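Line by line, the protein sequences are chains A and B. Residues 1 to 233 in the numbering used here are what the first sequence spells out, letter by letter. Residues 1 to 101 in the numbering used here are what the second sequence spells out, letter by letter.
Since the hints were made in silico from the structure, they are not lab data. In this text, all values refer to a predicted model and were calculated from it rather than measured experimentally. Yeah, the Cβ is synthetic: ideal placement off N, Cα and C, and Gly gets one too. Keep in mind that the hints are not guaranteed to be accurate.
Covered stretches of chain A, as calculated for chain B (at least 3 residues, CB under 8 Å) [to be verified]:
id: 1; stretch: 22–33
id: 2; stretch: 56–68
id: 3; stretch: 89–98
id: 4; stretch: 133–144
id: 5; stretch: 168–179
id: 6; stretch: 210–220
Covered by chain A, per the in silico footprint, the following chain B stretches (three or more residues, Cβ under 8 Å) [what the hints assert, rightly or not]:
id: 7; stretch: 38–50
id: 8; stretch: 60–74
Partial selection, computed: residues in chain A whose CB lies under 7 Å from chain B [said to hold, decoys possible]:
id: 9; residue: W8
id: 10; residue: A19
id: 11; residue: A47
id: 12; residue: V113
id: 13; residue: W158
id: 14; residue: Q192
id: 15; residue: D193
id: 16; residue: P196
id: 17; residue: V199
id: 18; residue: A223
id: 19; residue: G230
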Amino acid sequence: MRWKPRTWPGGLRASIPLALPIAAVGVSFGLLAGPLLGAIPSIAMSAVVWSGTAQFAALAILASGGGTALAGGAGLLANTRFLPMGFAIAPSMRGGPLRRLLTGALLADASFVIGHRGGGQFDIRAIAWATPVQYVTWVAGTIVGVAGATAIGDPSRWGLDVLFPVFYLSLLLPELFPERLQGNRSVPSAPQDFRPIIVAILAAAITLALAPIAPPGVPVLVAAAAALIGLRA
Amino acid sequence: MKTWLLILVLAVGTVLMKTLGPVLAGGRQPPAQLTRVIALMAPALISALIVASTFTQGQRLVIDARAAGLAAGAIALWFRVPAVLAMLIAVIVCALLRWAA
């Protein structure tokens with residue numbers, strides 16, 4: 001039987017380019033966390049927390065001699081950005097509260113980006129299907145790192161960490177410049193909407209301004225406030 | 001023991017933050033004003049993620065090989081190069097710069 005990639009669920013296909021960079025970051029986490037937390041807790045953390053930002057934030061506190069409570073606080077603070085993301089995808093969701101809870105728990109940064117369809121609409125199926133590749137590679141990467149991937153060395157040496165911003169950018173640009181990059185010729189040319197561009201620049205500026213003074217993750221949360229310019233018609 | 005408690009707190013807290021919106025505001029169409037804000041939330045958050053994953057190292061602002069890689073990727077994307085190819089270009093630029101340094 002021939003494998004037909006075209007019939008794969010969209011979110012799954014879109015998440016495949018993430019396999020390598022996520023595994024690489026997972027290896028980094030495993031390398032750093034292994035000696036500090038122990039092998040099994042490090043792998044368990046990746047398996048149940050499944051959030052690089054929070055895990056690295058907590059690890060950084062522990063590594064610098066901070067206590068468990070402080071590490072927990074830093075990790076949670078780093079993930080507060082999921083609050084606005086959750087409220088953004090909520091209107092696109094169907095089904096009862098339990099179903100929404102289970103689907104919402106699958107949310108991740110890249111899935112949010114993959115599922116975004118413009119105009120405040122989200123493809124919840126795509127968000128859910130973007131999970132398997134990201135989850136498996138994250139946990140597998142952690143295991144390799146914990147097992148002591150000293151032969152590979154620091155994965156950032158290969159430049160894989162740059163894949164995240166470029167991947168995000170590939171999904172942001174068509175939204176900012178639909179006329180040029182969406183290739184949607186069937187729709188008569190609409191006037192360029194400058195608001196998404198203004199919001200993107202504003203959010204970037206907020207992130208840069210807060211990064212040196214706020215813990216990792218928090219600048220992204222505050223940057224979401226740039227969307228408030230939408231309150232004006 | 002403390003480590004396991006930390007893992008539990010992070011796991012439960014993360015799921016709570018991801019699911020609060022879906023549980024409280026799921027499936028309902030919000031007022032028009034709020035819809036416009038939600039529509040702009042994606043470009044805001046994605047732009048912030050790009051900046052955070054390129055120009056920060058912990059709490060330090062840095063311009064390193066990642067910035068060059070991102071610039072190369074951005075130019076490629078602007079000229080309608082497919083995303084996977086743009087990512088490859090960015091990695092090559094980034095790796096070459098690190099290798100040269």
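Results for each hint:
no., hint, result
1, 22–33, "violated (count 0)"
2, 56–68, "holds (count 3)"
3, 89–98, "holds (count 7)"
4, 133–144, "violated (count 0)"
5, 168–179, "holds (count 8)"
6, 210–220, "holds (count 8)"
7, 38–50, "holds (count 13)"
8, 60–74, "holds (count 8)"
9, W8, "15 Å, violated"
10, A19, "12 Å, violated"
11, A47, "9 Å, violated"
12, V113, "6 Å, holds"
13, W158, "5 Å, holds"
14, Q192, "14 Å, violated"
15, D193, "10 Å, violated"
16, P196, "4 Å, holds"
17, V199, "5 Å, holds"
18, A223, "4 Å, holds"
19, G230, "4 Å, holds"
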